[in-house]
Every structure is written in C-alpha cells, then in structure tokens.
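Number of protein chains: 6
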Amino acid sequence: MPVVHVMVWKGFSNAAKKRVIEGMTRVFTDLGVPAEAVEVILHEIPKENWGVCGEQASERLKQVQTP
Amino acid sequence: MPVVHVMVWKGFSNAAKKRVIEGMTRVFTDLGVPAEAVEVILHEIPKENWGVCGEQASERLKQVQTP
Amino acid sequence: MPVVHVMVWKGFSNAAKKRVIEGMTRVFTDLGVPAEAVEVILHEIPKENWGVCGEQASERLKQVQTP
Amino acid sequence: MPVVHVMVWKGFSNAAKKRVIEGMTRVFTDLGVPAEAVEVILHEIPKENWGVCGEQASERLKQVQTP
Amino acid sequence: MPVVHVMVWKGFSNAAKKRVIEGMTRVFTDLGVPAEAVEVILHEIPKENWGVCGEQASERLKQVQTP
Amino acid sequence: MPVVHVMVWKGFSNAAKKRVIEGMTRVFTDLGVPAEAVEVILHEIPKENWGVCGEQASERLKQVQTP
Numbered sequence: 001m002p003v004v005h006v007m008v009w010k011g012f013s014n015a016a017k018k019r020v021i022e023g024m025t026r027v028f029t030d031l032g033v034p035a036e037a038v039e040v041i042l043h044e045i046p047k048e049n050w051g052v053c054g055e056q057a058s059e060r061l062k063q064v065q066t067p
Numbered sequence: 001m002p003v004v005h006v007m008v009w010k011g012f013s014n015a016a017k018k019r020v021i022e023g024m025t026r027v028f029t030d031l032g033v034p035a036e037a038v039e040v041i042l043h044e045i046p047k048e049n050w051g052v053c054g055e056q057a058s059e060r061l062k063q064v065q066t067p
Numbered sequence: 001m002p003v004v005h006v007m008v009w010k011g012f013s014n015a016a017k018k019r020v021i022e023g024m025t026r027v028f029t030d031l032g033v034p035a036e037a038v039e040v041i042l043h044e045i046p047k048e049n050w051g052v053c054g055e056q057a058s059e060r061l062k063q064v065q066t067p
Numbered sequence: 001m002p003v004v005h006v007m008v009w010k011g012f013s014n015a016a017k018k019r020v021i022e023g024m025t026r027v028f029t030d031l032g033v034p035a036e037a038v039e040v041i042l043h044e045i046p047k048e049n050w051g052v053c054g055e056q057a058s059e060r061l062k063q064v065q066t067p
Numbered sequence: 001m002p003v004v005h006v007m008v009w010k011g012f013s014n015a016a017k018k019r020v021i022e023g024m025t026r027v028f029t030d031l032g033v034p035a036e037a038v039e040v041i042l043h044e045i046p047k048e049n050w051g052v053c054g055e056q057a058s059e060r061l062k063q064v065q066t067p
Numbered sequence: 001m002p003v004v005h006v007m008v009w010k011g012f013s014n015a016a017k018k019r020v021i022e023g024m025t026r027v028f029t030d031l032g033v034p035a036e037a038v039e040v041i042l043h044e045i046p047k048e049n050w051g052v053c054g055e056q057a058s059e060r061l062k063q064v065q066t067p
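Chains as they are written, first to last, in the working numbering: chain V, 1 to 67; chain R, 1 to 67; chain E, 1 to 67; chain C, 1 to 67; chain B, 1 to 67; chain L, 1 to 67.
Please note that a few of the clues may not be correct.
Because identical chains share one entry, a pair is satisfied inside a single copy or across any pair of copies.
Claimed, not checked - Simulated pairs of lysine to any residue, SDA-like, Cα-Cα distance not exceeding 20 Å:
| # | residue 1 | residue 2 |
| --- | --- | --- |
| 1 | Lys18 | Glu36 |
| 2 | Lys47 | Ser13 |
| 3 | Lys10 | Ile41 |
| 4 | Lys47 | Gly11 |
| 5 | Lys10 | Val64 |
| 6 | Lys18 | Glu44 |
| 7 | Lys10 | Ile45 |
| 8 | Lys47 | Glu22 |
| 9 | Lys18 | Thr29 |
| 10 | Lys10 | Pro67 |
| 11 | Lys18 | Cys53 |
| 12 | Lys18 | Arg60 |
| 13 | Lys10 | Glu48 |
| 14 | Lys10 | Gln65 |
| 15 | Lys10 | Ser58 |
Hints in this document: simulated from the structure, not taken from any laboratory.
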C-alpha cells in the first residue's frame, strides 16, 4: 500500500539514497506492513528550483551541503 | 529541505501517524539533516480510490487491515 | 513500477472509479508491464479547491457534471 | 501548461481559497502564460497528518491559526 | 479537469510515452470528459531513485526492461 | 505550512523561476503566513512528457514558448 514520494535536493549520494529507501521502508515494516508493499520514489530537485522563504535555495542556502 | 508525501489507506490510527512522522524524520536526521527542515505530509486515501492490479483495494485486499 | 496519481473532482461514482483504475492499468499491461506492478491512486478534489483560469471550478464550471 | 498543487492545512476559508487560486494564476499571467492554461489544485491536509520537526502540527503548532 | 501524474522508470521510448498519453486520455473521454480537459504528466524516475521492498530498483529489478 | 509543487515545461529561465518562487510565496504572506513557512518546488517537465488533449505538448503546442 504505501507509496512514499521524497523530494530532496539534487546531489544525494547513492549511499544516502539507499539509506532513505531502507529507512522509509522500515518505518512501515515496523508497523506490520510487508516490505513488498512499500514503494519509495525519490525526486531530486535542483536547488535553484526549490524556494524557501521566497528565495531560491541555491542562493539562500548556498552553503548548505546535500547529504 | 526534504518534503515527504506519504500515501496510505484511510484509517491509520493516530499512534501510527505519529510513528510514521517520527520515523521518516529520523531517517533524515540520521543523515545530518536538521529535524526542523523535514516536512512529512500524510495523504489518507480511501481503499476504493486505490487501484492494485486493476482492481479497487477495497475489493482485492478487502481483508487487509490498515495499521 | 508505475504509480499513477489521478486528480479528479470529488463525486466520481464507484463505477467511474473502477473504469479509471481498470483503464489506466490496461494502458500499462498493453505495454508489457505486469498488472501487479501498477498502482493507481485517485485523489478526489472538491470543486471549490480546483482553480481553472483563476476561478474556483465550483463557480466557473458550476454546470459541468462529474462522471 | 502549469499545474500547481498547493498543500495547506484543512480549514482554509473560501475567501482564502479564492485568493490562493487568483494569486497563483496571476503569477503566471504576469509571465505571459494565458490564464486558461493554469490549473491550481488545493489539497487540504488535517493538521494531525502534517509532520513538522518530527511531530504532528496538531500538537507542535496547536495555537497557529489557518487563514 | 483530470490531471494525471504518471511515475515511470527513466528510459521510456517516445512511442511508449505517446501510448501512455493517448491511453490515459481515452479512459476519460470514454467517461464523457472532453479530451481538452485532460492533462497527463509523465515523471521519469531513475531506477536508483525508486525503492521497492527496501532496495533500489536498479539493484533488485536490474534485469527488468523499461518499455 | 504550505508546500507548493509547480509543474512547468522544462526550460524556464532563472529569472522566471525567481518570479514564480517570489510570487507564490507572496500569495501566502499576503494571507498572514510567514515567508519562512512557505516551500515552493518547481518540477520541470520536458514537453514530450506532457500530454494535452491526448497528444504530447512537444507536438501539439510545438510553437508555444516557455517563459
């Protein structure tokens, strides 16, 4: 059943992607949902396409690293 | 940064909602993302609006419980 | 694989929901995707929450019927 | 062309919905996009289904009003 | 009215995209919805960004072809 | 609170992106929502992935410019 859409900044490492997919799935298996039923979809968004506080994250949060 | 949309069947208990929100947030804090940056949005979908294998979950998965 | 989110006006009949779920799934099975892999999620949106041309559909498209 | 999905807390007044739909559409008409091409879809989310900082908004932001 | 978001693996052929767009639209015209009202948006997701059963589809479903 | 997902055709200029982010945020600050609470996420969709009236926008709306 559950479908999870995760919006993150572009540039997540493959290791971070694996951890997000595993971790989100485990949240549901801990609730008794079978792992086969869980789909996790990562949407990588360029920082210039993400607005925070009315500004592009590429400007406002220039120094913040993507995991 | 991260925004997480979680689609589940209608009828999740409040305890299950809390666990989903906490668990999804922890996946990101474990990666070094501050908790304040994580938004989790639960979309509760009636089983008759969820299609699996070409059929409504309300028919095909009638006996499956929502956590 | 495919996950399909369908946004429609609130008030679709159960027969119309079935036809949407069957039809969307068949589009993929016709392409060789197994039916078990297809999830279709119907989001019913009240007409006052749907904006067309800068106006609520509940006003602008008052006379249009939902199937 | 543009389709805008707006996630807000449940309980927006009809006046606020109108202003969101008008305002979002005007952002695009100001860029030369015809109003007929703009669709705005408001998703109202109960505060207990919205997680901020690992907690339900219904608890963490109990006193914050919905416009 | 209807807006359809279709999430598929990256790499769909142009012919497959056309068939998805035509097929999804026909589901609604068969219900009496005018074709002009139907918008279909295809989101192509890299297999390493799609989690199934807690694993990346790029690993778990390595041998499965995209149509 | 609000999270806004904006689907547009690929190719928006950086100036247009800024205006969308500023404009959408202002719609909410005008309603009394603090700017810090508003997240705007732009999804750029290639025209061949956008179906209008059963056809790809890359064919049907070939001559329409992206702002």
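To see whether the hints hold, each was checked on the structure:
{"no.": "1", "hint": "Lys18 / Glu36", "in the structure": "within (16 Å within a copy, 22 Å between copies)"}
{"no.": "2", "hint": "Lys47 / Ser13", "in the structure": "both (15 Å within a copy, 14 Å between copies)"}
{"no.": "3", "hint": "Lys10 / Ile41", "in the structure": "both (14 Å within a copy, 12 Å between copies)"}
{"no.": "4", "hint": "Lys47 / Gly11", "in the structure": "both (9 Å within a copy, 15 Å between copies)"}
{"no.": "5", "hint": "Lys10 / Val64", "in the structure": "within (12 Å within a copy, 25 Å between copies)"}
{"no.": "6", "hint": "Lys18 / Glu44", "in the structure": "both (14 Å within a copy, 19 Å between copies)"}
{"no.": "7", "hint": "Lys10 / Ile45", "in the structure": "both (5 Å within a copy, 13 Å between copies)"}
{"no.": "8", "hint": "Lys47 / Glu22", "in the structure": "between (24 Å within a copy, 15 Å between copies)"}
{"no.": "9", "hint": "Lys18 / Thr29", "in the structure": "both (16 Å within a copy, 15 Å between copies)"}
{"no.": "10", "hint": "Lys10 / Pro67", "in the structure": "within (10 Å within a copy, 23 Å between copies)"}
{"no.": "11", "hint": "Lys18 / Cys53", "in the structure": "between (30 Å within a copy, 12 Å between copies)"}
{"no.": "12", "hint": "Lys18 / Arg60", "in the structure": "between (28 Å within a copy, 12 Å between copies)"}
{"no.": "13", "hint": "Lys10 / Glu48", "in the structure": "both (10 Å within a copy, 13 Å between copies)"}
{"no.": "14", "hint": "Lys10 / Gln65", "in the structure": "within (11 Å within a copy, 25 Å between copies)"}
{"no.": "15", "hint": "Lys10 / Ser58", "in the structure": "both (11 Å within a copy, 18 Å between copies)"}
Comparing the model with each earlier hint shows no violations; every hint is respected.
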